[in-house]
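2 protein chains.
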Amino acid sequence: MKAAKYIILVLILTCMFRAPRPVAAQGTSPMTPPSQLDLLPVPASVQMQAGRLPITGSFSVLVKNYADDRLRGGIARMLTQLAGRTVLAPTVVGALRGLETFLQLVQGDRNGYYLPGIRIQDQPRFPWRGLLIDVGRHYEPMEVLKRNLDAMAAVKLNVFHWHLTENQGFRVESKKLPKLHMLGSDGLFYTQDQVREIIAYARDRGIRVMPEFDIPGHSTSWLVGYPEIGSAPGPYKIERGAGIFEPALDPSRERTYKFLDTFLGEMAALFPDAYMHIGGDENEGKQWDRNPQIQAFMNAKGIKDNHALQAYFNQRVLKILQKHHKKMIGWEEILHPDLPKDAVIHSWRGPASLAEAAKKGYDGILSAGYYIDLIFPASQHYLADPIPQNSTLTTEEAKHILGGEATMWGEWVSPETIDSRIWPRTAAVAERLWSPRNVTDVDDMYRRLSVISRQLEELGLTHEKNYEMLLRRLAVSDDTAPLRTLASIVEPVKEYRRYQMRPQTMLSPLTGLVDAARPDSETARQFASNVDAFLSDAPRFALYRPDLEHTLAEWRTAGRALGPMIDRSPALQEARPLANNLSAIAAAGLEAMSYLAAGDTPTTEWRDAQLAKLDEAAKPKAALEFVVITSVRKLVIAAAELPQLRSTTPVEWKKRITTQAMPGDKLRGGP
Amino acid sequence: MKAAKYIILVLILTCMFRAPRPVAAQGTSPMTPPSQLDLLPVPASVQMQAGRLPITGSFSVLVKNYADDRLRGGIARMLTQLAGRTVLAPTVVGALRGLETFLQLVQGDRNGYYLPGIRIQDQPRFPWRGLLIDVGRHYEPMEVLKRNLDAMAAVKLNVFHWHLTENQGFRVESKKLPKLHMLGSDGLFYTQDQVREIIAYARDRGIRVMPEFDIPGHSTSWLVGYPEIGSAPGPYKIERGAGIFEPALDPSRERTYKFLDTFLGEMAALFPDAYMHIGGDENEGKQWDRNPQIQAFMNAKGIKDNHALQAYFNQRVLKILQKHHKKMIGWEEILHPDLPKDAVIHSWRGPASLAEAAKKGYDGILSAGYYIDLIFPASQHYLADPIPQNSTLTTEEAKHILGGEATMWGEWVSPETIDSRIWPRTAAVAERLWSPRNVTDVDDMYRRLSVISRQLEELGLTHEKNYEMLLRRLAVSDDTAPLRTLASIVEPVKEYRRYQMRPQTMLSPLTGLVDAARPDSETARQFASNVDAFLSDAPRFALYRPDLEHTLAEWRTAGRALGPMIDRSPALQEARPLANNLSAIAAAGLEAMSYLAAGDTPTTEWRDAQLAKLDEAAKPKAALEFVVITSVRKLVIAAAELPQLRSTTPVEWKKRITTQAMPGDKLRGGP
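Residue numbers (our numbering), protein chains in the order written: chain A, 1 to 671; chain U, 1 to 671.
Since the hints were made in silico from the structure, they are not lab data. Among the hints, a few may not be true.
Each pair may be met inside one copy or between any two copies, as identical chains are not told apart.
Stated by the list, open to error - Pairs of lysine-lysine residues, derived as BS3-like cross-links and limited to a Cα-Cα distance of at most 30 Å, are as follows:
#: 1; residue 1: Lys-146; residue 2: Lys-465
#: 2; residue 1: Lys-146; residue 2: Lys-179
#: 3; residue 1: Lys-494; residue 2: Lys-465
#: 4; residue 1: Lys-175; residue 2: Lys-146
#: 5; residue 1: Lys-175; residue 2: Lys-237
#: 6; residue 1: Lys-494; residue 2: Lys-655
Excised from the complex, chain A in its bound form (with noise of 0.2 Å):
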């Protein structure tokens, strides 16, 4: 990892503080506790000070010790964000990371804004803290990439992996093999300008930009303009749908190797970084199998099957990337026996793959568990670890770690709604990577996300601003409310479903209701916590009453609001199960909620047909499904087993009800 252009910075701040204001100096001095900052990532220690210091109009910054361009420039762009507030500080700010830790320690009060009284020592955990962005299947224009750039920048990440080709789109300019831009990507390419423009604006951020050419395999792209480097004859045509697809370059052919030489070649001088991401994932080798010059090569060769020509084909790769100074990281698969050591692996299935790979001496670094396009809460990727508790890597093998990468990968995202697939989840992922292993409360990362959250958007992300947008243009009308609410309870299926539920082509629009609906619903964490204090608060049942009866009266107005609008809108007629689901929800929660409250209990009729009505709702529509049917379902339970109550604890009476509202057939109704 030498060459590597990573960061690895001890930054102290300290300053020096005024004399409180009079008004905090009354024995209320405000000290601001270290669970009350807002950090994300948490840095590796905190120490609380007293006192505070005020920012004034009269802030300014004094670098001492060390001054660049890049350093200049974060400088300006902090005090932008701070928005012309300054402070007179006798303070050296060691680097871009600290500006960041800065800015995310301001806080404010009817007195002014002010910084706690605090002092810092942070380094980051692993050197490798990377997002993916696939640009192959939907193509992002620069602002995209920049503004997310900004936000990478915020929460302390430093490798940007840019997936520039994919089967459905080849998004960079070659000079030297032009077929391959101009007939591959229905125009929509980066120009090495815009390469540059990228690179430079990542390098002021602290942050490299790691390209990858996804070889043999998801190759679709490059074979429009060049048939002959493919293993069936063609013609072919870029890919519109999603899936694994069986194009892939011909290993046995000297031209094929000819041709990478001259494009990795003309890359390499383009991409200053000293990785070059091969992929070299899903080729299932099909084409290889009916191709019989291919299959008379592997004879000759002793070539013993598709995953061991596969391993000749890296080879032969790695070779061109030594020839041009670049070190080869590849998707797991690349792993072989034969592989050279200095090769990285990119893990995808899980972090055993990668233990495994260090062991054999093998650096590497961990993107399962952190495939932000699947729609799983961050939660579950804030508690996947690159080195697991129950490792049993040496420290020595540990080393070969090198941290992760979340992958934002780009069937069915489009500029308007990439940055809520990414964020602020991707926070939760950079934390992870960044503080100490043992930093995982998942309740105060939550409470960081949603101020961080926040503060993205001030960046110019637009994961909370183009949701309204969405929904807007959804309603046909300014008043979203009704689908606001129906959305704020619904999330896209997860994993790969939404493609089986609600099949489209990477050339259909990314404005339906599955695109405006986010990962992670909030609403739906809130509820939860509520139900279940209400129901630990039995036999009285006051605990969140109001709150949880105003939550489902909302509900219920919507679902009823939700038939008129959706009769307005022919993009929304896909919502309609959900809106009359909605109405069914609201009923079976505020029906068990007055039971509860008057201490009745439901038939048994009530209580199958209720059930019946829930597992309904539960089924996905529209590729998508709510996720507060368990919480609902603990209400009804609860009515139906109050008589139960009585003769057993609270704690047992509430084990039991959670236990039968989890039902065995996986589906996810809550967080």
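Mind docking chain U on chain A? Use the hints.
Relative to chain A, chain U alone:
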């Protein structure tokens, strides 16, 4: 105007219609009345026809007799907005403007998307329909310009007037005189490549790009790098304040003209438009008065005053422009007996000066009445006409009136807020310049404006979505409800009062409540309309009563909730008096309504106390003013005047109330 690249087009959009769907054929065929169409600007002629054309998955566009890259690009953009939904239509789509009309015609209901049966004949009333964006005072990034060009095309504007230089910034790269942009811009300028990119982007959308280089005043930023062409020795610094400043080019020295020849020649080659705007406004000549060398020059040449000196300067500049094959346009100050007739006059003071110029034989365009930076409502801009009803121009003279331009002066706009100052109000100006003079129904304009506003958002305009973002930042919370309620009924103070009330520099943050608040409050307009209807319903007082009570109660709730929110946010401290006013306004309105509902008459003391509170609330604070005061005042006065209702007609009674509610002090209390 022969040389100007404006487009006059006659578009006939005729569709062959499929048989109506069975559901629509049962005598209930949906025939959209023209008044219900959401077109903006309104076409010259619309005839509704029977039937509707469903837009299904097989939609495509067939172009006959005409094809070029620009039209193909326009069709591709339209199809993207149509989001992949398509129809086989034996249609000739004649031009880009027609495509925009087509997009606005698409409607939807539960049976899907469709086009109404329609025949449209259309052409613009004026050939010059512009938007000025001042990037001098605040720089606007490329994407801001691009999205605004998209929006201009959507409402058929065809001139982007790029105000590139100001006292506060010189925003275009000069390769021949590089100190202009290097020392005059803080590094915030457009490279010549970027200028070409904007010109190409605009041209693809049928928009001319006319640059403005404002001279001899408004030129401080020029003089930072080249003080030798100034009228005082310097040194000069980039101006950070707002207002009119003294620096002016020296009209008495040949080196000034040599400099301008070099610079304008370079720009003439960069900008293909036939016109070049030389500004010429607001030069008070103070530097000239104090410069003995200039005074000596005037004596020698027999130039009697500064106006004549500027006329001399203009004629010299005109010759330079002619040499570089450009026509000159300037602000109306350039009008002078010696001004050649092929110069164009840009009026910012009013249509009278425009008419005067036309009578003298000058072409002219109007911006007076279209100063969108002054925060007046769309209705006001909408009714300003380049050729008013009472115009005394002959038909021949009227031909000199080429059109007009909305002007987005840049003192108080950032990339985050500029869209909300331009849109949707500029769409009303666009309609004035495109549609027949007799299209003046303000209510219908507002109805269509809200539809177009959402469509502009689809193009990437941020006027809607940044509103919530700015409120979230101020509230330091995702829950902005009470702040949104307050913001929905206040507007920034009008004209140039913002700077007087809340002085800032060009480096100050534009993130206050005054920046989040928007012109032309829709809530206030609706409230005013409901109050009028409610009072017309005397003595029953039932019409809109629940709506009004609901609204007033929401204000009361928000007034209470704002206190704790303001405590947490230093940036909201200035809003505290507004929060108190909000509570007072709500209480006055609710109490008045309860008197009216009960038929009780309040005491005179009550009336006086309420009116005093409303007078206090009507005073602007934080450069914001409530725009619902007049309506609430009407309610209070109506309650107090209830006895008079028995001795007069409801109409007379309401008139009496309205008169009393409009105070003579010109406090604008309602739209």
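Would you pick out the hints that fail for this structure and give their numbers low to high?
-> Per hint list: zero violations.
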